[in-house]
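J.: Listed below, chain by chain, are the residues.
There are 2 protein chains.
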Amino acid sequence: VPDNSPPPASPRPPTIAVDGMGGDHGPAQVVAGAIAAAAEHGISVVLTGRPSQLRPLLGTRTPGGDIRVVPADDSLGMDEGALASWRRPRSSVAVACQLIRRGQAAAVVSAGSTAGIVATARLRLRSLPGLMRPGLAVVLPTGPKPTLLVDAGAIADPKPEMMLQFAQLGVAYAQVAFGVEDPRVGLLTIGTEPVKGNRLTRRAHELLTAPPHGGLPIRFTGNIEGSDLLSGKVDVIVTDGFTGNVALKTIEGAGAFATEQMRAAFQGSRAARFGALFQRRALSELAGRMDAETYGGAALLGLEGTVVIAHGASTAKGITSACGLAADLARGRITERVRERLGPGHRGGHFLRRP
Amino acid sequence: VPDNSPPPASPRPPTIAVDGMGGDHGPAQVVAGAIAAAAEHGISVVLTGRPSQLRPLLGTRTPGGDIRVVPADDSLGMDEGALASWRRPRSSVAVACQLIRRGQAAAVVSAGSTAGIVATARLRLRSLPGLMRPGLAVVLPTGPKPTLLVDAGAIADPKPEMMLQFAQLGVAYAQVAFGVEDPRVGLLTIGTEPVKGNRLTRRAHELLTAPPHGGLPIRFTGNIEGSDLLSGKVDVIVTDGFTGNVALKTIEGAGAFATEQMRAAFQGSRAARFGALFQRRALSELAGRMDAETYGGAALLGLEGTVVIAHGASTAKGITSACGLAADLARGRITERVRERLGPGHRGGHFLRRP
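Heads up: the sequence lines are chains A and B, in that order. Quick note on numbering: my numbering labels position 40 of the first sequence as 40, and the sequence is numbered without any gaps. Quick note on numbering: my numbering labels position 117 of the second sequence as 117, and the sequence is numbered without any gaps.
Heads up, some of the hints might be wrong.
[Said to hold, decoys possible] Straight line, CA to CA, 16 Å or less: simulated EDC-like cross-link-like pairs of lysine to aspartate or glutamate: (1) A/LYS196 - B/ASP157; (2) A/LYS317 - A/GLU80; (3) A/LYS196 - B/GLU40.
[Said to hold, decoys possible] Example chain B residues on the side facing chain A (calculated, C-beta under 7 Å, incomplete): (4) VAL70; (5) ASP157; (6) PRO194; (7) ASN198; (8) ARG199; (9) LEU230; (10) ALA247; (11) ILE251; (12) GLU252; (13) ALA254; (14) SER284; (15) LEU286.
Because the hints were derived from the structure by calculation, they are not lab data. Being a predicted model, the structure only gives us computed values, none of them experimental. We put the beta carbon where it would ideally sit given N, CA and C, even for glycine.
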């Protein structure tokens, strides 16, 4: 019988490496967010980037103690994608990944470009044993309970076996971050019958219903459709990165459309003008809630350390909440949990599990 | 220089074959909707199905004139999919397709199961020369101008060349039904750069930007993301049937989520209670608008006659509007226009175009 009880939480406050140079708003917002995170979440922060830019932003605070700066001479532009990760081994995000490899940080937070961060992390960090590809996990704005979607765009053309692993990554995340002991997993496809879908999802459905080979069992509850993304029917939604990303952006666009329509309807009515101020606030909140930019960060899972990608437009507050997520995942020993869930390798290898 | 001017409209009122047995609400709603359509849209209607069930529903109206009944002994269940189309050559939707083949109807309307109708239509109707697969076109609830999405779910795993043809189908539809002379076509994918996306969309992007081989030129304006589905940025959105169906259902789910959230917010506030009645109406309208069930019908394009699929839950009103769409497409000679746009065959054949 597999042991589903959570591994003991790490006693020491985790150290989070924060890419000081990523994001549309530049280092000022990142540093402000990191300072707040150190206080709010009781973590140590290592900022990577150009010391000449980062140190002045720390203000009267003496570098050291819970915030340090580690120099990185280079940085990825917001418009740079996967290729830049090869060309820039000294970028601030690459240096942050190095801190994980050296055991000096438990997780990385960056507000840089998703493609650049994913590529850099895959290049600079080891995959966990047996993992084929890391997956990007995003929390959907459902309520009252959250739902996790994996993959949100790391791999556009995964093999079905990778989707089975995405399920394992998602289950580990939901256990750690949502506190759900045995998360329900659904497969995003078209039609709820097993035979419905495309070639990829039909095969993924077979793998999800088959007995686990090496990995821990998954509580697969079947296919779900796009209309169920926000219904809270499952805790973890498995999909390929292409469909996942289209779905996320569609939610965002639909949210903007809905609030726009409601705003127009309210402006046209005398009766509705009474509650106008209130409605404006409610509408803004709704648009914000359905906007992926405010979800708080996507987590790249399956590598030797977690990489949380704050949206590029993140202000200090977005960075703080991304650091909070990174700290929660690190405290819950997400990496060990994923390693355990994946089991002793999926690609026909006969690894001996490390004690 | 290709002639983009519309073919002359057909002078005679089109005859629409209506599947009398399809739909969740049974023949009563279908017949009521068909009667209203004959009057409102100036069309002739042929109802297919069991005369013993259909004739009484025509009431005092003598069968004949603008409404006739053609017997069909069998029908597809709402839960029956593609296989049933082989087993039931005398189903009401198969008989309706036969009317197109015999030149006795210009289009078919059915509120049966999408999978069953698509399979029956593909089996009973000839494809237009050179067409690889028919595509399902759905009008998105954008405003003020509509946007068409092709494919909404006919082919879950299309080849890239099929997606080029979906673009041609969509352009023909937008010209006829929206009156847009040179519709803008966008490709649904992730990221706006040509290199972004999955294998399928990258290849489709190449085909859409290449000079047309045989077909008429397409005004391809590039990649769009999920957030642009409802922004009215393009007139026609091309996608594979899997992604298209997920996106449609996601819009529906997001609409339901948004109205639910707003309703909860309004109920909690004293200020907002003043406009409560108005708000309830506005919220219902919004939810309805974003619900695929009310879009008015999906059109299967590329066969020798158009097949309009009204949603299974269609009431009489839904059937009437589906008949209206079928009549508009028939009057605009959609089939001839698609034939012209596809050109003399895409599969390496050297067809001589029929005069």
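J.: Run every hint past the structure and note whether it holds.
T.: Evaluated hints:
1. A/LYS196 - B/ASP157: Satisfied, since the Cα-Cα distance of roughly 12 Å is no more than 16 Å.
2. A/LYS317 - A/GLU80: Violated: A/LYS317 and A/GLU80 sit about 24 Å apart, past 16 Å.
3. A/LYS196 - B/GLU40: 38 Å, violated
4. VAL70: 31 Å, violated
5. ASP157: 5 Å, holds
6. PRO194: 12 Å, violated
7. ASN198: With Cβ-Cβ at 4 Å, under 7 Å, it holds.
8. ARG199: 5 Å, holds
9. LEU230: Hint on B/LEU230: holds, closest Cβ of chain A at ~4 Å, below 7 Å.
10. ALA247: Holds - the Cβ of B/ALA247 comes within 7 Å of chain A, reaching about 5 Å at its closest.
11. ILE251: It holds, given that the least Cβ distance between B/ILE251 and chain A is near 5 Å, below 7 Å.
12. GLU252: 5 Å, holds
13. ALA254: 3 Å, holds
14. SER284: 11 Å, violated
15. LEU286: 5 Å, holds
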